[in-house]
Amino acid sequence: QSVLTQPPSASGTPGQRVTISCSGSNSNIETNYVYWYQQFPGTAPKVLVYRSNHRPSGVPERFSGSKSGTSASLAISGLRSEDEADYYCAAWDDSLSGFVFGGGTKLTVL
Amino acid sequence: EVQLVESGGGLVQPGRSLRLSCAASGFIFDDFAMHWVRQAPGKGLEWVASVNWNSVSLNYADSVKGRFTISRDNNKNFLYLQMNSLRGEDTALYYCAKADGIGTGYGLDVWGQGITVTVSS
Numbered sequence: 001q002s003v004l005t006q007p008p009s010a011s012g013t014p015g016q017r018v019t020i021s022c023s024g025s026n027s028n029i030e031t032n033y034v035y036w037y038q039q040f041p042g043t044a045p046k047v048l049v050y051r052s053n054h055r056p057s058g059v060p061e062r063f064s065g066s067k068s069g070t071s072a073s074l075a076i077s078g079l080r081s082e083d084e085a086d087y088y089c090a091a092w093d094d095s096l097s098g099f100v101f102g103g104g105t106k107l108t109v110l
Numbered sequence: 001e002v003q004l005v006e007s008g009g010g011l012v013q014p015g016r017s018l019r020l021s022c023a024a025s026g027f028i029f030d031d032f033a034m035h036w037v038r039q040a041p042g043k044g045l046e047w048v049a050s051v052n053w054n055s056v057s058l059n060y061a062d063s064v065k066g067r068f069t070i071s072r073d074n075n076k077n078f079l080y081l082q083m084n085s086l087r088g089e090d091t092a093l094y095y096c097a098k099a100d101g102i103g104t105g106y107g108l109d110v111w112g113q114g115i116t117v118t119v120s121s
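These protein sequence lines map, in sequence, to chains A and Z.
Those letters in the first sequence? Residues 1 to 110, by my numbering.
Those letters in the second sequence? Residues 1 to 121, by my numbering.
So here's chain Z without its partners, still in its complex pose (with noise of 0.2 Å):
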């Protein structure tokens, strides 16, 4: 069974920085894409981030650009958010996702429970 498990979310202050890890099995991880994603209280999906299977294409949303990198691990099967200087408005529930396919430019086919990330003083 494939499965994804975020770890590493809590209360961060304003400029602070959290790390996000997200724990993969039941699939061939270094054969497939994988990405973040957020949703706000309340809102819809937001897009954060993506690497491709071996790690030479990363892709960031405006949002975070600059201030976020995705990484991964394919030999502990780990995908990782490294989040800095962070902002009120990073508060969401953060998923971590599974391509459909090896590149960044497929979907996302199976997603984590989610983790959640509150930016608060």
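Okay, chain A solo, but in the shape it has when bound (with noise of 0.2 Å):
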């Protein structure tokens, strides 16, 4: 069981917004920041989102990453097939003194 708590499965059709949640505790998403990884079968993750709301270059803009109390949350707009992937939330827990994941969201792309 994931410290940081996702939804095994979202979907949308094309075009759509979805948004995954992330639930956490006051000693990781609230006092830390909050990471977001995209992950495709047989490849390494890759950063979407750091420190809870700021994009890396060349990720685009269709994708923010949001923060409020114990919880986060990525949202995609403008859904498109090639987003079909595995998302992960993370974040440093100061309890436990390591990096937390959530168990990750598969997202289908309809």
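None of the hints are false.
Quick list of simulated restraints, FRET-style, between CB atoms:
#1 A:P60 - Z:D30: 30 to 40 Å
#2 Z:K65 - A:R62: 31 to 41 Å
#3 A:R80 - Z:P41: 26 to 36 Å
#4 Z:G66 - A:T5: 22 to 32 Å
#5 Z:P14 - A:S81: 38 to 48 Å
Below, a list of computed lysine to any residue pairs in the SDA-like style, where the Cα atoms sit at most 20 Å apart:
#6 Z:K43 - A:P7
#7 Z:K43 - A:T108
#8 A:K46 - A:P56
Sample of chain A residues with no beta-carbon within 12 Å of chain Z, all distances over it, derived:
#9 T13
#10 G15
#11 R17
#12 T19
#13 S21
#14 S23
#15 P60
#16 F63
#17 T70
#18 S73
#19 S81
#20 E84
#21 L107
#22 V109
#23 L110
Just so you know, the hints here were simulated from the structure itself, not pulled from any lab data.
Built from N, CA and C at the ideal position, the CB exists for glycine as well.
Quick one: dock chain against chain with the hints and give me the complex.
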């Protein structure tokens, strides 16, 4: 069981806006940066959002991250078929003195 | 270009040891913390260990504490993971990853391609 809780699956149709949630606690999300990763089968994860709401160069503006209290979310607007992948949230946990990941959300583009 | 290249993986018997290496290039290595993350077949990501820029702060997941040791050589731009007393549940793809800051509290912004470790008799 993961310290950060994500829905196991999400779906949307092309062009739609989809949001993936990540629920944590006051020892991780509330007090530390949140990171979001995208992973395609057989490849290494890639950072989509760093330090809660910053987007690396090269990541489309369609991807955005936000945080409020002990929860965070990743929003994907203008959904495309190539967005079909696994998405993970992560943050440092002060109580565990370790980095924690969500269980991952498999996004399906219908 | 920032690059992380892992090596040292393979098939090992339970109870034996293995040392993973990660060659870093394209950035000032000792300006950033570094991490190891693993992914068991068909499973999610699991953080394994982290080291801050000057090796003063070392952190481990409970699942590997006392068996694995993370270290770095800032002169050679290498990150290491010494894995002892290996178990079947350590079988995974191991990723070396760069933090986006100097301390271990920062998340991972660049990942290597991963190296496979299989623990089996």
